[in-house]
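There are 4 protein chains.
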Amino acid sequence: MAGNNMKKLNIGVIGCGFMGRTHSNAFSKVTNFFDVPYRPVLKTICARNGDRAQSFADKWGYESIETDWRKLVESPDIDLIDIASPNDTHAEIAIAAAKAGKMVMCEKPLGRTPAESEAMVKAVEDAGVANMVWYNYRRVPAVMLDKQLIDEGRLGRIFHYRTVFLQDWTISSDLPQGGEGLWRLDASVAGSGVTGDLLAHNIDTAMWLNGQIEEVTAMTETFIKTRKHNLTGKDEPVRIDDASAFLARFQNGSLATFEATRYARGHKALYTLEINGENGSIIWDLHDLHRLQFFDYRDESRLRGWRSIHVTDSDHPYMKQWWVPGLQIGYEHTFIHQVADFLSGLGSGVAAAPSFREALLTDYVTDAVLQSAANRSWVKVAS
Amino acid sequence: MAGNNMKKLNIGVIGCGFMGRTHSNAFSKVTNFFDVPYRPVLKTICARNGDRAQSFADKWGYESIETDWRKLVESPDIDLIDIASPNDTHAEIAIAAAKAGKMVMCEKPLGRTPAESEAMVKAVEDAGVANMVWYNYRRVPAVMLDKQLIDEGRLGRIFHYRTVFLQDWTISSDLPQGGEGLWRLDASVAGSGVTGDLLAHNIDTAMWLNGQIEEVTAMTETFIKTRKHNLTGKDEPVRIDDASAFLARFQNGSLATFEATRYARGHKALYTLEINGENGSIIWDLHDLHRLQFFDYRDESRLRGWRSIHVTDSDHPYMKQWWVPGLQIGYEHTFIHQVADFLSGLGSGVAAAPSFREALLTDYVTDAVLQSAANRSWVKVAS
Amino acid sequence: MAGNNMKKLNIGVIGCGFMGRTHSNAFSKVTNFFDVPYRPVLKTICARNGDRAQSFADKWGYESIETDWRKLVESPDIDLIDIASPNDTHAEIAIAAAKAGKMVMCEKPLGRTPAESEAMVKAVEDAGVANMVWYNYRRVPAVMLDKQLIDEGRLGRIFHYRTVFLQDWTISSDLPQGGEGLWRLDASVAGSGVTGDLLAHNIDTAMWLNGQIEEVTAMTETFIKTRKHNLTGKDEPVRIDDASAFLARFQNGSLATFEATRYARGHKALYTLEINGENGSIIWDLHDLHRLQFFDYRDESRLRGWRSIHVTDSDHPYMKQWWVPGLQIGYEHTFIHQVADFLSGLGSGVAAAPSFREALLTDYVTDAVLQSAANRSWVKVAS
Amino acid sequence: MAGNNMKKLNIGVIGCGFMGRTHSNAFSKVTNFFDVPYRPVLKTICARNGDRAQSFADKWGYESIETDWRKLVESPDIDLIDIASPNDTHAEIAIAAAKAGKMVMCEKPLGRTPAESEAMVKAVEDAGVANMVWYNYRRVPAVMLDKQLIDEGRLGRIFHYRTVFLQDWTISSDLPQGGEGLWRLDASVAGSGVTGDLLAHNIDTAMWLNGQIEEVTAMTETFIKTRKHNLTGKDEPVRIDDASAFLARFQNGSLATFEATRYARGHKALYTLEINGENGSIIWDLHDLHRLQFFDYRDESRLRGWRSIHVTDSDHPYMKQWWVPGLQIGYEHTFIHQVADFLSGLGSGVAAAPSFREALLTDYVTDAVLQSAANRSWVKVAS
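Protein chains in written order, with the working numbering: chain A, 1 to 383; chain B, 1 to 383; chain C, 1 to 383; chain D, 1 to 383.
To be clear, the hints were calculated from the coordinates, so they are not data collected in a lab. Hints should not be assumed to be uniformly reliable.
Pairs involving identical chains hold if they fit within one copy or between any two copies, as the list cannot separate such chains.
Calculated pairs, BS3-like style, for lysine-lysine (alpha carbon to alpha carbon, straight line, at most 25 Å) [to be verified]:
| # | residue 1 | residue 2 |
| --- | --- | --- |
| 1 | Lys320 | Lys147 |
| 2 | Lys320 | Lys268 |
| 3 | Lys59 | Lys8 |
| 4 | Lys99 | Lys122 |
| 5 | Lys320 | Lys59 |
| 6 | Lys122 | Lys320 |
| 7 | Lys99 | Lys380 |
| 8 | Lys71 | Lys99 |
Computed from a prediction, not measured in an experiment: that's the story for all the values here.
This is chain A alone, in the form it adopts within the complex:
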């Protein structure tokens, strides 16, 4: 029997794809490892296809299924709506959920456009409901350690930020677009290509660590111009960006390069970031996410070198809750950490970041990037 002093929080998850799984796992495991004031209950899984929903419910122990998200949103059994469905559904669901007084979590990016995102922000703020966007990479222990170092001033004045997100899964021209698992190639569903899918992560982390981005100049490219569309069965123009890169200036005077692509052969999900400061630098990458590279200029000259920190000690962020030093955790744990922080925040009244409002700032940057690529000019970022 579970601890009695934990309040239950009934969760309704919409979407049972990749993100439905990561979120379900997070809700399901968080209380095994973290002392939090609420225990998430996997109440209802919602998907249009009832069989798929049932199979997912069986896997994860959901108490019930639902095929109409509107009913889920209205259900009095549900405390929190978690949106893990494709991007074109985010705004409508989030706004309805907020109006129904539910807490709302939303997979990133918030909306397909700043207009959608602004409406979502307004909805949750008008309703006064707890809200959060799943920018999970902030909760990698090594990335959180970066944040600590920066907040402590250890890097000093920041000169450079350098980040890429490299994948290679869409290189084949035989890959179709649209439909289950491939909606990320369909601009009408996804909003954009790698800019919203990948660079949004880079941007969220960057602004969290290094402050506001002021202006950008960008280029985008679609290498494969047409692909068979799964929904029409015909060759259709590809309207997403396969690759996107931009130069940026931050408010703090530092310079940045950002790049994302799905055409970088050899890289599956290589999200890297590097920050160069006057007194030190850090490098992190997702392919070995449990490591942080740290260069400390204050080390004795002769013995300076990049330290490869195996971020698995009990004094590292989140790691006390896991195993023993040297034993690494992985990707899925970032979602567990985010739920843990959300639940702790619910208890203490401190909202877990990023809120919808904070995530909107990322959408302003991605929008400026797409504008700049279209206009071939520098673009100021809204804020």
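With chain A held as given, fit chains B, C and D onto it using these hints.
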């Protein structure tokens, strides 16, 4: 509600320390990710300290607690006894559980001595109960990929095996021995030091991959000669081996070096293994467990190099069940894989390895190592 | 006694700073390792400061010294003028040397401006003298191996080029500008900052490997606005670019990011390049210059990984001339290779690359970068 | 014209194979980079084959050749005899050279047996001539930095030493033994296999860094039992050790593992060493020789990690003489450093290490290793 076609398997876990947690997590998560014919139910957690057991039960959702393992072993509610308690309890519990007709899983090493281990093997075989020892590192996807490569003959004739397990957590002379969390330094509880604790892992993997070890010459050392004992409150001689190294010859003619220590400053849990064959070589290490280094001599000469394989693709062992390529899993997943294999084996009638009998072979090697170190001579390994 | 069948080539080197040393070493060692039709003779070293020239001559075995480069250029004893002096002297010396009928080698970049460079090209072409620019990094064996792979079509269609040159030696605001060893911070001498000093290397290699760059959008920054000038003794505005980054499109349709800075704490001379093609990718970096990372998509799926090729085998470019496999060479050897290629080319009548004309193309790109940064717009590259 | 204040030192080198080249290069380059009181003059190269000697002389600028080493040793023109010929010639030449009053440098190992080595030590000491053995790896800047750290007490009490030397060039059974370039496989010429060829390096460095080795237990193996002999043209038994490994105890109480082999597929010349001390650890390897891995336990707990030190700064051993930070040197430079130290020592009266006497200690260890492998027992090392 969970899938109806899965049979329940009621689990009683003994011990709620580090290993109690890894096992509980494995039983709890396996059906979220693997299609197996049985669903483990966390029925009862057993620990001498009732409060501790209750707190653990709350965390993990055990239905009940027990403070006397003898009662647990006799309970008709329990299908499988999982031994996650200190080494000095393994034999007695396992034998009693087998006699009570329960399936038995046992944390490694099997017993403190070959005599204990042999009695355990006899008990499970006499009772005809399913049994398994938690040599979890076999189930690291990268290590399982090694096994595939070797079984396919890709490395050719094997010349060398090279393996270490390096830690640094007992260097301080202020660290006491004995009692909660420190029984591994107390020879009467642990049986031996790093030989049984760490080298047992190296040996199990090595014989699984490369066959029987025939003879060894070893040295051991205890760097800190006395430590305060937590149970007596007094300084007591340290009787475990702090470090242990040996040379070995395998039945297949290959040579090996093995070394383990808790005095390797800078290494938290660095288990590494390297195999050199006529046509190729592999290297793996636990600090980046999701990577395999592979050298293929059949590559074009000019372009030969060690490949750093990020073992996260869907055609890698176990990985189809997890996330998407590039997203790494960690330490805890090896236990989930082992439970998945055990449950699949239960369904198909194929025992999951290593059985008690197979694990006994490792104990024969560790025994030979300790003998050799004491006698300063080469020792043949029993089998 | 040296081999009789080698013709002597009398060298006059101008400048005895860092580059004077690398060139002298190259001329001096080349015949120890390479079979070439000419033997360079270190005839005369030229520097304004006679004592410094004499000391340099003693170190390197020059037969004589000269303090007036005009006299050197006119000397009948000299076959080849090598320009290793600051950038503001390149054009004048090169043009005079060409007019005097000497072969000319010039340290990069060619001139401070395209106008200077064009005049230099015209001079050597009008005179019909052998000429070469010291873009030494082409001759790193690993980089030359890249070139082979690309020329063999192994990477397939190229999608991305990614390159940086990161240093950290000018971060301190106490560092003065101008004068001996620090002329690179003085725009009137250097022409530009990192754009001409560092990015020129990135660009030269990039166009050699991947073809013409068509257009760029750039940003530059000067982080420290004033520094004491060694020649005036006063604080003066810093007019060079401390950092420079640009996005580019190549003629072959691939996208690129370029960045150089002297404010990347922790990196001494980290020149890296990465190329992503349809069938494979390569990564190289100067800090471990004897390694090439190669990803071959045609490897068996399960066993794909980045190969770390230790480019020290006898079938690797230039390496047959050096030691035995596994024994690395370093930075200085790139200059030796360049001289070897130059001398072989003299014998066979094939000009060693890059010629002045080819190097001019790099200056067109650096010029476009500086223009773009000033104008905040995309700029087409001249060619 | 060379500096007038440097005295000439006339060198006679015996042997123009691989080591003849590394030594010639060292003598030839040392004064370009180091301020030393003597300038080596490449006076005479000696080899049995006159054509080969002449060709070598042409390459390197030797003034004359000689085909009979006895004449060279007696020549009044020669100040220093450098022995770069196969092992079976070392003792006879060194003793004759010493008797003739020449300084003597000898390629390692000293003799084929301790008896030969002892006679060599006696000869140079009786003659009172300067002497040195080419254990070049001490002069890798990163290894010398290790030495500094240890001498400063930064690692604290040493617990472990771990070293291997792995190659893969003799795996093919088609490779013959004996004769030019392959005498290392012929026991009568080489003395032993990898024990004297490779482990001698590991042992020399180890005792220099960590003190005397007291006892060993070893195993050796010859994987390919017969090979065609180039001198007889017939298949002959292979009498060298293809692989050799041993456990050791140092006088300071630390434990060690040593292993060398020519059957480690994928490793060309991977000499690695690791030292674990109470307060820190270091790792170095020859494949990236310009890097030192250093772990400092006194770093702040949360930020501890292995530092990858790029040993190319001007405050690193020897590096001030080379290029600028970040630009690596390679294998050949270790020989140049050794000559520089020898020449400086000549000037100051301090013998450069290792002397014949010091190198003899290494031969005692390799002898103990071979004895132990033969006797299957622990063996005390003579000293």
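Do the hints match the structure? See the list:
| no. | hint | verdict |
| --- | --- | --- |
| 1 | Lys320 <-> Lys147 | within (18 Å within a copy, 33 Å between copies) |
| 2 | Lys320 <-> Lys268 | between (29 Å within a copy, 15 Å between copies) |
| 3 | Lys59 <-> Lys8 | both (21 Å within a copy, 14 Å between copies) |
| 4 | Lys99 <-> Lys122 | within (11 Å within a copy, 66 Å between copies) |
| 5 | Lys320 <-> Lys59 | between (29 Å within a copy, 15 Å between copies) |
| 6 | Lys122 <-> Lys320 | neither (37 Å within a copy, 40 Å between copies) |
| 7 | Lys99 <-> Lys380 | neither (33 Å within a copy, 52 Å between copies) |
| 8 | Lys71 <-> Lys99 | within (13 Å within a copy, 54 Å between copies) |
Of the numbered hints stated above, those contradicted by the structure are hints 6 and 7, listed in ascending order.
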